[in-house]
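K.L.:
Residue-level listing of the chains:
Protein chains: 2
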Amino acid sequence: MTNVSIIGIGQTDVREHWETSIRHLAWYAIEAALDDAHHHQVDAIYVGNMLAGQLSNQNHLGALVADFAGLRGVEAMTVEAADASGGAAFRQAVLAVQSGLVETALVVGVEKVTDETGATVLAALATSLDADYEAIHGQTLSGAGALLMRRYMHTYGVTLADFAGFSVNAHANGAANPRAMYRNRLKPEAFAAAPMVADPVSLFDEAPAGDGAAAILVTSSERAADMVAQPVRVAASALATDAVALHDRRDLLWLSAAERSAQRALAAAGVTLDEIDVAELHDSFTIMAALSLEACGFAARGEGWTLARDGHIRRDGRIPISTFGGLKARGNPMGATGVYQLVELTQQLRGKAGDCQIANARTGLAQNLGGMGATAVTHVLSRD
Amino acid sequence: MTNVSIIGIGQTDVREHWETSIRHLAWYAIEAALDDAHHHQVDAIYVGNMLAGQLSNQNHLGALVADFAGLRGVEAMTVEAADASGGAAFRQAVLAVQSGLVETALVVGVEKVTDETGATVLAALATSLDADYEAIHGQTLSGAGALLMRRYMHTYGVTLADFAGFSVNAHANGAANPRAMYRNRLKPEAFAAAPMVADPVSLFDEAPAGDGAAAILVTSSERAADMVAQPVRVAASALATDAVALHDRRDLLWLSAAERSAQRALAAAGVTLDEIDVAELHDSFTIMAALSLEACGFAARGEGWTLARDGHIRRDGRIPISTFGGLKARGNPMGATGVYQLVELTQQLRGKAGDCQIANARTGLAQNLGGMGATAVTHVLSRD
Numbered sequence: 000m001t002n003v004s005i006i007g008i009g010q011t012d013v014r015e016h017w018e019t020s021i022r023h024l025a026w027y028a029i030e031a032a033l034d035d036a037h038h039h040q041v042d043a044i045y046v047g048n049m050l051a052g053q054l055s056n057q058n059h060l061g062a063l064v065a066d067f068a069g070l071r072g073v074e075a076m077t078v079e080a081a082d083a084s085g086g087a088a089f090r091q092a093v094l095a096v097q098s099g100l101v102e103t104a105l106v107v108g109v110e111k112v113t114d115e116t117g118a119t120v121l122a123a124l125a126t127s128l129d130a131d132y133e134a135i136h137g138q139t140l141s142g143a144g145a146l147l148m149r150r151y152m153h154t155y156g157v158t159l160a161d162f163a164g165f166s167v168n169a170h171a172n173g174a175a176n177p178r179a180m181y182r183n184r185l186k187p188e189a190f191a192a193a194p195m196v197a198d199p200v201s202l203f204d205e206a207p208a209g210d211g212a213a214a215i216l217v218t219s220s221e222r223a224a225d226m227v228a229q230p231v232r233v234a235a236s237a238l239a240t241d242a243v244a245l246h247d248r249r250d251l252l253w254l255s256a257a258e259r260s261a262q263r264a265l266a267a268a269g270v271t272l273d274e275i276d277v278a279e280l281h282d283s284f285t286i287m288a289a290l291s292l293e294a295c296g297f298a299a300r301g302e303g304w305t306l307a308r309d310g311h312i313r314r315d316g317r318i319p320i321s322t323f324g325g326l327k328a329r330g331n332p333m334g335a336t337g338v339y340q341l342v343e344l345t346q347q348l349r350g351k352a353g354d355c356q357i358a359n360a361r362t363g364l365a366q367n368l369g370g371m372g373a374t375a376v377t378h379v380l381s382r383d
Numbered sequence: 000m001t002n003v004s005i006i007g008i009g010q011t012d013v014r015e016h017w018e019t020s021i022r023h024l025a026w027y028a029i030e031a032a033l034d035d036a037h038h039h040q041v042d043a044i045y046v047g048n049m050l051a052g053q054l055s056n057q058n059h060l061g062a063l064v065a066d067f068a069g070l071r072g073v074e075a076m077t078v079e080a081a082d083a084s085g086g087a088a089f090r091q092a093v094l095a096v097q098s099g100l101v102e103t104a105l106v107v108g109v110e111k112v113t114d115e116t117g118a119t120v121l122a123a124l125a126t127s128l129d130a131d132y133e134a135i136h137g138q139t140l141s142g143a144g145a146l147l148m149r150r151y152m153h154t155y156g157v158t159l160a161d162f163a164g165f166s167v168n169a170h171a172n173g174a175a176n177p178r179a180m181y182r183n184r185l186k187p188e189a190f191a192a193a194p195m196v197a198d199p200v201s202l203f204d205e206a207p208a209g210d211g212a213a214a215i216l217v218t219s220s221e222r223a224a225d226m227v228a229q230p231v232r233v234a235a236s237a238l239a240t241d242a243v244a245l246h247d248r249r250d251l252l253w254l255s256a257a258e259r260s261a262q263r264a265l266a267a268a269g270v271t272l273d274e275i276d277v278a279e280l281h282d283s284f285t286i287m288a289a290l291s292l293e294a295c296g297f298a299a300r301g302e303g304w305t306l307a308r309d310g311h312i313r314r315d316g317r318i319p320i321s322t323f324g325g326l327k328a329r330g331n332p333m334g335a336t337g338v339y340q341l342v343e344l345t346q347q348l349r350g351k352a353g354d355c356q357i358a359n360a361r362t363g364l365a366q367n368l369g370g371m372g373a374t375a376v377t378h379v380l381s382r383d
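Sequences listed follow chains D and C, in order.
FYI, the numbering for the first sequence is 0 to 383, going by numbering that gives the first Met the number 0.
FYI, the numbering for the second sequence is 0 to 383, going by numbering that gives the first Met the number 0.
Hints are computed from structural coordinates only; laboratory data are not their basis.
Check each hint, because a few of them may be wrong.
[Claimed, not checked] One-sided and incomplete, this derived list gives chain D residues near chain C with beta-carbon spacing under 7 Å: (1) GLY52; (2) ASP250; (3) GLY370.
[To be verified] Simulated DEER-style distance windows between Cβ atoms: (4) C:MET195 to D:ASP225: 54 to 64 Å; (5) C:GLY117 to D:ALA122: 47 to 57 Å; (6) D:PRO194 to C:HIS37: 53 to 63 Å; (7) D:PRO194 to C:ARG249: 48 to 58 Å; (8) D:GLN40 to C:GLY316: 34 to 44 Å; (9) C:THR271 to D:GLY69: 32 to 42 Å; (10) D:LEU202 to C:ALA118: 31 to 41 Å; (11) C:ALA266 to D:ASP354: 49 to 59 Å.
Computed from a predicted structure; not experimentally measured.
Beta carbons: idealized from backbone N, C-alpha and C, even for Gly.
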């Protein structure tokens with residue numbers, strides 16, 4: 000089995016990039032990743048993207064991005080799994096290198112969401128739900144998040160204010176990340192007083208969709224050791240799915256795909272949860288952060304929110320999450336989000352996370368979710 | 000290196016499936032493939048699809064299709080490369096099995112195009128072109144095909160009627176395929192007299208977009224030998240790209256991605272063109288069939304059309320193409336087309352192609368193109 004390592008990373012700011020086309024965004028991230036690796040030869044490109052067809056009238060991003068980044072001719076394609084597209088694309092790059100047929104693979108997550116008006120974007124984002132049984136009735140991502148959150152509050156006797164710690168932590172970390180969409184700190188009182196998007200999901204509960212691109216260059220660990228000073232090893236990679244529609248799930252409050260992919264990844268990496276120094280989870284809503292913590296095993300069922308209440312998710316806590324702001328403050332560039340998570344984890348493991356740095360980060364976990372968790376991709380990265 | 004073999008195939012008719020949802024189409028093809036293999040355990044699903052987000056308001060097909068096909072939980076994602084999505088998805092399945100991390104992979108190409116009205120479909124199909132430099136000016140697939148065809152006619156002194164042989168052959172073969180969208184034979188006179196879509200591309204020149212799904216189950220050749228009586232080996236797999244916009248290409252009349260992927264595939268398979276008994280090429284337009292024949296090396300530059308004129312592409316010819324009707328008569332279910340090609344090639348190599356059978360087919364080539372050839376995926380299959 001070929002081991003795979005990360006040798007280059009790049010990213011753009013996450014924000015409203017009205018003046019920048021989708022191909023430019025991808026190029027900026029790719030160029031940064033290639034420069035970071037001091038290596039400009041690529042055998043295959045996996046583009047993580049969800050919405051270019053709907054919001055930019057552009058499918059076929061693989062060939063387009065390859066050409067614009069100066070890599071015309073290279074194998075390239077798009078991988079899509081809603082907002083887990085980035086993580087799924089990274090998984091394909093890992094498999095490609097492990098197959099022995101691709102020497103150096105480039106992953107680029109790219110998304111441009113903010114050019115279109117609200118209703119168009121809402122409908123486009125809802126394509127991650129079940130079109131025939133959820134979206135057609137007017138269900139939106141925020142509405143689906145509200146259903147989960149309300150059920151959780153009811154079942155476990157948790158109040159709205161109990162979720163504040165997730166957003167407060169994300170914004171505190173985002174304030175230290177120059178790439179973050181929101182760099183303002185958030186007070187618990189402000190969280191509790193925020194206007195509702197879909198009760199009980201509020202403005203400071205749901206992560207904002209943003210534009211951005213992030214890129215990662217991977218190759219075999221054997222080659223990586225000769226190429227860069229600080230390769231970061233992909234210790235494990237796993238993807239699992241669940242029913243897309245919430246009403247089809249066996250248990251509304253259990254992310255079975257997240258559990259399954261996390262268990263597989265931890266087993267393959269041969270590490271226990273105690274050895275995970277930092278985790279980038281998919282905090283598209285505070286409820287998703289809570290449910291991910293539970294599904295991964297960081298908290299018991301119904302108790303994910305207590306990790307936020309008790310400060311365990313902070314940079315100096317037991318299991319730091321959203322260390323660069325997470326989806327909530329760094330922003331959620333949908334199909335690119337999973338690649339941002341892995342770029343940030345790499346920064347942590349290299350010890351190059353700047354003001355976002357976690358002390359002694361040796362092993363990290365990233366979990367990227369699609370829709371309301373119907374796709375879950377978990378990667379474990381390790382500093383050797 | 001793990002060798003990969005096909006152990007099951009399935010397909011639906013290609014036609015206007017107004018009464019059938021996209022998840023049903025996918026399920027029908029998957030069920031047929033699993034039944035064909037007498038094997039119902041799958042480790043990963045690669046969905047080839049281009050247009051569900053735009054035309055069915057449904058992204059996230061991986062999880063959706065896995066669940067609906069009774070495979071909830073399984074790793075699943077969508078692979079997109081315009082109308083080369085199916086071929087690209089198959090390539091990912093091959094890499095996944097070769098990595099050693101996925102034992103049995105399922106590829107399902109699925110597309111539902113005909114529910115929407117003409118203008119919506121035209122715009123959706125044009126997302127395979129360059130949105131910012133082609134489609135925004137009103138360019139369509141037919142228009143792009145017309146540009147290529149006119150230039151070819153001008154450069155090589157070829158007339159419209161000289162292309163008739165491609166469509167006549169496709170319809171003759173489609174008439175023998177019970178799954179084909181069009182089963183009527185076509186006379187050369189009818190081709191020459193057809194109404195224009197985008198001069199010189201006529202109604203009988205351009206392949207019709209249709210709905211359909213096709214599925215393939217693959218596993219390691221070692222396991223395949225114990226599982227089925229007639230495994231078909233994936234002798235080689237290669238994907239290459241080119242500039243998306245026609246005006247960006249170095250040579251308008253040369254499909255460099257098709258050439259590159261074909262050369263790589265032939266070299267990896269260790270076979271020469273003479274050993275290819277049957278080829279499924281991407282005849283989305285007659286000009287694309289001619290250019291593919293040239294790029295693969297079956298004809299000299301500017302002479303691809305002569306293979307049609309001289310009958311060499313017929314079932315009893317030197318290099319039979321479109322043996323089940325090709326895109327022109329079987330129909331072009333965009334993101335599913337590449338999987339149909341491979342299903343048909345498998346039927347040929349098993350000797351189970353019915354009235355479409357080529358005598359003594361041992362080695363076959365499939366080439367799936369995206370847009371106007373900006374993506375090209377070439378596979379070589381072999382009967383051991």
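K.L.:
Hint by hint, note whether the structure agrees.
P.N.:
Hint check:
no., hint, result
1, GLY52, "holds (5 Å)"
2, ASP250, "violated (13 Å)"
3, GLY370, "holds (6 Å)"
4, C:MET195 to D:ASP225: 54 to 64 Å, "holds (59 Å)"
5, C:GLY117 to D:ALA122: 47 to 57 Å, "violated (21 Å)"
6, D:PRO194 to C:HIS37: 53 to 63 Å, "holds (58 Å)"
7, D:PRO194 to C:ARG249: 48 to 58 Å, "holds (55 Å)"
8, D:GLN40 to C:GLY316: 34 to 44 Å, "holds (41 Å)"
9, C:THR271 to D:GLY69: 32 to 42 Å, "holds (34 Å)"
10, D:LEU202 to C:ALA118: 31 to 41 Å, "holds (38 Å)"
11, C:ALA266 to D:ASP354: 49 to 59 Å, "holds (51 Å)"
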